[in-house]
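Number of protein chains: 2
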Amino acid sequence: MKVDFSKLERAFNPRTVVVVGDSKASNFEWIRGQKEFKGKLYSVHVNPNSFEDIKALGVENFTSLLDVPGPVDLVIVAVARKAAPAVLDDCIRKDVAAAHFFSSGFSETDTEEGRELERQLIARAEAANFHLIGPNCMGLYNPGIGIRQNEDQYLGDSGPVGFISQSGSVAIGFSMEAHFQGVNINKSASFGNGIVLDSPDFLEYFGRDPAIKAIGMYLEGIKNGRRFMSVLRDVAARKPVVIWRGGRTEDGGRAIASHTGSLASSSSIWNAALKQCGAIQVGSVEELIDTLKALLFLPTVRGNRVAIAGGPGGQSVTSTDVFVEAGLSVPRLTRESYAELETFFEVVGGSYRNPIDTAGPVRRDMKRIMSIVARDNNIDNIAYFVSTRPGRHITREQLQGTMGILEDIRQLNKPLITMVLLNTSDAANEDRDIMNILQERGIPAFPSVPRGAMALKNAFDYYNNGRNRG
Amino acid sequence: MKVDFSKLERAFNPRTVVVVGDSKASNFEWIRGQKEFKGKLYSVHVNPNSFEDIKALGVENFTSLLDVPGPVDLVIVAVARKAAPAVLDDCIRKDVAAAHFFSSGFSETDTEEGRELERQLIARAEAANFHLIGPNCMGLYNPGIGIRQNEDQYLGDSGPVGFISQSGSVAIGFSMEAHFQGVNINKSASFGNGIVLDSPDFLEYFGRDPAIKAIGMYLEGIKNGRRFMSVLRDVAARKPVVIWRGGRTEDGGRAIASHTGSLASSSSIWNAALKQCGAIQVGSVEELIDTLKALLFLPTVRGNRVAIAGGPGGQSVTSTDVFVEAGLSVPRLTRESYAELETFFEVVGGSYRNPIDTAGPVRRDMKRIMSIVARDNNIDNIAYFVSTRPGRHITREQLQGTMGILEDIRQLNKPLITMVLLNTSDAANEDRDIMNILQERGIPAFPSVPRGAMALKNAFDYYNNGRNRG
Numbered sequence: 214m215k216v217d218f219s220k221l222e223r224a225f226n227p228r229t230v231v232v233v234g235d236s237k238a239s240n241f242e243w244i245r246g247q248k249e250f251k252g253k254l255y256s257v258h259v260n261p262n263s264f265e266d267i268k269a270l271g272v273e274n275f276t277s278l279l280d281v282p283g284p285v286d287l288v289i290v291a292v293a294r295k296a297a298p299a300v301l302d303d304c305i306r307k308d309v310a311a312a313h314f315f316s317s318g319f320s321e322t323d324t325e326e327g328r329e330l331e332r333q334l335i336a337r338a339e340a341a342n343f344h345l346i347g348p349n350c351m352g353l354y355n356p357g358i359g360i361r362q363n364e365d366q367y368l369g370d371s372g373p374v375g376f377i378s379q380s381g382s383v384a385i386g387f388s389m390e391a392h393f394q395g396v397n398i399n400k401s402a403s404f405g406n407g408i409v410l411d412s413p414d415f416l417e418y419f420g421r422d423p424a425i426k427a428i429g430m431y432l433e434g435i436k437n438g439r440r441f442m443s444v445l446r447d448v449a450a451r452k453p454v455v456i457w458r459g460g461r462t463e464d465g466g467r468a469i470a471s472h473t474g475s476l477a478s479s480s481s482i483w484n485a486a487l488k489q490c491g492a493i494q495v496g497s498v499e500e501l502i503d504t505l506k507a508l509l510f511l512p513t514v515r516g517n518r519v520a521i522a523g524g525p526g527g528q529s530v531t532s533t534d535v536f537v538e539a540g541l542s543v544p545r546l547t548r549e550s551y552a553e554l555e556t557f558f559e560v561v562g563g564s565y566r567n568p569i570d571t572a573g574p575v576r577r578d579m580k581r582i583m584s585i586v587a588r589d590n591n592i593d594n595i596a597y598f599v600s601t602r603p604g605r606h607i608t609r610e611q612l613q614g615t616m617g618i619l620e621d622i623r624q625l626n627k628p629l630i631t632m633v634l635l636n637t638s639d640a641a642n643e644d645r646d647i648m649n650i651l652q653e654r655g656i657p658a659f660p661s662v663p664r665g666a667m668a669l670k671n672a673f674d675y676y677n678n679g680r681n682r683g
Numbered sequence: 214m215k216v217d218f219s220k221l222e223r224a225f226n227p228r229t230v231v232v233v234g235d236s237k238a239s240n241f242e243w244i245r246g247q248k249e250f251k252g253k254l255y256s257v258h259v260n261p262n263s264f265e266d267i268k269a270l271g272v273e274n275f276t277s278l279l280d281v282p283g284p285v286d287l288v289i290v291a292v293a294r295k296a297a298p299a300v301l302d303d304c305i306r307k308d309v310a311a312a313h314f315f316s317s318g319f320s321e322t323d324t325e326e327g328r329e330l331e332r333q334l335i336a337r338a339e340a341a342n343f344h345l346i347g348p349n350c351m352g353l354y355n356p357g358i359g360i361r362q363n364e365d366q367y368l369g370d371s372g373p374v375g376f377i378s379q380s381g382s383v384a385i386g387f388s389m390e391a392h393f394q395g396v397n398i399n400k401s402a403s404f405g406n407g408i409v410l411d412s413p414d415f416l417e418y419f420g421r422d423p424a425i426k427a428i429g430m431y432l433e434g435i436k437n438g439r440r441f442m443s444v445l446r447d448v449a450a451r452k453p454v455v456i457w458r459g460g461r462t463e464d465g466g467r468a469i470a471s472h473t474g475s476l477a478s479s480s481s482i483w484n485a486a487l488k489q490c491g492a493i494q495v496g497s498v499e500e501l502i503d504t505l506k507a508l509l510f511l512p513t514v515r516g517n518r519v520a521i522a523g524g525p526g527g528q529s530v531t532s533t534d535v536f537v538e539a540g541l542s543v544p545r546l547t548r549e550s551y552a553e554l555e556t557f558f559e560v561v562g563g564s565y566r567n568p569i570d571t572a573g574p575v576r577r578d579m580k581r582i583m584s585i586v587a588r589d590n591n592i593d594n595i596a597y598f599v600s601t602r603p604g605r606h607i608t609r610e611q612l613q614g615t616m617g618i619l620e621d622i623r624q625l626n627k628p629l630i631t632m633v634l635l636n637t638s639d640a641a642n643e644d645r646d647i648m649n650i651l652q653e654r655g656i657p658a659f660p661s662v663p664r665g666a667m668a669l670k671n672a673f674d675y676y677n678n679g680r681n682r683g
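Chains as they are written, first to last, in this note's numbering: chain A, 214 to 683; chain B, 214 to 683.
Treat the hints with care, since some could be wrong.
When chains are identical, the list treats them as one kind, so a pair holds in a single copy or across two.
[Said to hold, decoys possible] Taking lysine to aspartate or glutamate pairs in the EDC-like style, the calculated list, with each CA pair at most 20 Å apart, reads: (1) Lys237 / Glu559; (2) Lys253 / Asp422; (3) Lys295 / Asp217; (4) Lys237 / Glu273; (5) Lys436 / Glu339; (6) Lys426 / Glu329; (7) Lys295 / Glu559; (8) Lys307 / Glu339; (9) Lys251 / Asp370; (10) Lys248 / Asp578; (11) Lys268 / Asp302; (12) Lys426 / Glu273; (13) Lys248 / Glu559; (14) Lys307 / Asp323; (15) Lys307 / Glu222; (16) Lys452 / Glu555; (17) Lys426 / Glu610; (18) Lys452 / Asp674; (19) Lys436 / Glu463; (20) Lys220 / Glu549.
Just so you know, the hints here were simulated from the structure itself, not pulled from any lab data.
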């Protein structure tokens, strides 16, 4: 299979989309998912019982894909597995750019019937060099034009992230939670069993896409390790690639076999290979979102030395431990900085040593303190508490004073992260608004200390891999 | 100093409280903090400029503690450090049960004046066997009677947790966020420099208090290691003690010296000692809250084998990795369970192997599936996804069906945790409500997979220490 990027380009930015065999039982989830699509949307369905429902959704139905007028860029196939090979034949005859097979029940079920049907799909697609996505997947998402994997996904906010996922629920869950956190998708592909188009194809395509500034991947297995590593090495040198791997553990490895039919590989081989290629590995959806956020918002993270400021004493101590345990350091400032700070810092109830504990009396001097700390030659990065403790939400008015301090630091082009400690009170939405305001000004905000520390460390690792730009 | 628990009992459950030297600059934060206290509240202040303000707060002021009528159970001292020894003398003369010194600027500032004043406080308190809490701390919190460390703290929900903290901001932040998460304080003490009453005193007292079912501690240093370990061993054998230690790292160790004047100890010594005593260590406020929640809500966690269920495929795989990496296992079920499950489980789009991936078609059989899984002899604990993916919130109506399944599992008395994946959308409050509903039924809910896994592992460790009950 030789991937033709012009066909992927048509599939991700289609003019005409056809949904084949959408099911009444699922309330026509695929037609509904594309209802905001601005191009032409058609249905192909052979069961007369569904004709009225499809018409009521405002979508024209045909009984054969070959009857659909004009060229077709993307077909979404939701038929039962037995019918999949015949639909694939029609896609090939119609010269469709690409088809996404939602249909499942193939090799991932470990049944002879499923394996045989999958072999048929592979053979027919490869003979025709047909761009098949899946099966057993949620396909493509392009929020800018209204192509979705699920009706719940947001539309309109076309962001800088390309996402490639072997799992449909991970693709959808990631896109939604990342969006709430201010990290938006440009294009996303869920490719399931990946029997024709596989992760390196999407990775290479996203690597060439100038609108995509960072790439996230959720992977369960690799079919062609050599090609994957070669593409990854090439793309990661140009833009950050963050990889979340399912099946890292023995029990997880058993689970992926049932999920996408993938075989688990040794973690030590994976870890070494991904590091060598310049990719960053993460272990949860939270770490994936936070790491992409850090990479997208921060300038090059050149060093691992952090000044922690803005919090009271206990939070300063505990966050120092968390940053150091994440692999960063919270060093002493230079003698020059200390000499300047001690001329005016009120020592009772605070400390200027780093962490900068500014409880109470010295907050009025914070702008002056931070102008010294942020310029210090021992400091590469600043981590600033916008919330002063867990469970306290801050108001937009309170943010105003802090914003001036943060804007000053930003002028220095040193990486600056903020912590807005998201609580679970009724005020949680206000905290989220504060995160958004900060991020609209280009300052990344993290919902807990461990999450901020891990994100900064991962960004540091990306830029200090030796292979990547910076 | 020989601690007299009857005096601590009076201090935590006072009839009369006096605030000495509350500051106008802080808008009389201590008087305001106690405004809902149901007993007698008085002020002692010598500056006539403050008299009107104190009167306006509805509090009677005296110019000397000795003039306050009747016995005094708790004095909150907010004077500048220089005046602290004289106030202590008055407390001793008045035979006050205990005094909390908010005043700071002592040994934690590393100044000769601060150290000398601290020595004076120690000498006078020890000579009189006076129960001094602090200095440089936020003192006591008893939400049931209205004694607070901060005006923001909630009142009325007297819970099962005793909390002991060297840091005031940690004590307040923990109490608030824990409350939002359904984990409520019974009594809390912030003891700062701990020059007279120290962590073992509060620990021993909380160990004897039948209303306190689990104890959390935030510690920066230990003065008398032998006594601390002896008390900890004794208390942890009777109720869970969860310890968050500040200054675990070298940089964090520097920070604690500036914060509470504590000296860092070697982490390996601490880790071995705490484990030997049967305590559980945590590394963040999130882990502290989650671990207490697991210990309070779950029956004895006897084994480390987990069935994961309720999520779609990708989430099943990734959560398996997270649980295994936390130190638990997600094993195969027994052959008998598999034989029963395969008679009706629809394999297309799901898996019954564990994790139990029940995307789509099989959710209608969930009650039957879970009755088999939860009874399986290979399974010690159940982790159930109430949210089916990140970024999706669930409604109360959707919870109804799930609740029936969960109630069935609870009947078996196997530990059951749920994951309600808290997102940051406008619907976050609804998710929090779902967590509360679950927890009102006695089922602990965790806001992310890593947090649920870590909490269950910590509870397992507590019960499998060999020393603790279970």
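Q.
I want to check one pair: Lys237 and Glu559. Are their C-alpha atoms no more than 20 Å apart within a copy, between two copies, both, or neither?
A. So Lys237 and Glu559 pass the 20 Å test across copies only (19 Å; inside, 70 Å).
Q) Can you tell me if Lys237 and Glu273 fall within 20 Å by alpha carbon in one copy, between copies, both or neither? A) within (16 Å within a copy, 74 Å between copies)
Q) Checking Lys295 and Asp217: alpha-carbon separation at most 20 Å within a copy, between copies, both or neither? A) neither (28 Å within a copy, 79 Å between copies)
(Q) As a check of your reading, is Lys307 near Glu339 (CA-CA no more than 20 Å) within one copy, between copies, both or neither? (A) within (16 Å within a copy, 92 Å between copies)
**Q.** Alpha-carbon proximity between Lys452 and Asp674, which holds within one copy, between copies, both or neither at 20 Å
**A.** Only inside one copy: Lys452 and Asp674 sit 14 Å apart there, 42 Å across copies, limit 20 Å.
Q: Go through the copies and call it for Lys251 and Asp370: within, between, both or neither, with a Cα cutoff of 20 Å.
A: Only inside one copy: Lys251 and Asp370 sit 15 Å apart there, 53 Å across copies, limit 20 Å.
Q. With identical chains treated as interchangeable, where does the CA-CA distance between Lys295 and Glu559 reach 20 Å or less: within a copy, between copies, both, or neither?
A. Only across copies: Lys295 and Glu559 sit 16 Å apart there, 76 Å inside one copy, limit 20 Å.
Q.
One pair to classify: Lys220 and Glu549, alpha carbons no more than 20 Å apart. Within, between, both, or neither?
A. neither (60 Å within a copy, 50 Å between copies)
Q | Within, between, both or neither: Lys268, Asp302 at alpha-carbon 20 Å | A | Result: close neither inside a copy nor across copies, 26 Å intra and 88 Å inter.
Q: Give the relationship of Lys248 and Glu559 under a CA distance limit of 20 Å: within one copy only, between copies only, both, or neither.
A: neither (61 Å within a copy, 30 Å between copies)
Q: Check Lys436 against Glu463 for me: Cα-Cα at most 20 Å, and say if that holds within a copy, between copies, both or neither.
A: within (19 Å within a copy, 45 Å between copies)
Q | Intra- versus inter-subunit Cα pairing at 20 Å for Lys307 with Asp323 | A | Intra 32 Å, inter 81 Å, cutoff 20 Å: neither.
In this structure, the earlier hints numbered 2, 3, 6, 10, 11, 12, 13, 14, 16, 17, 20 are contradicted, and the remaining ones agree with it.
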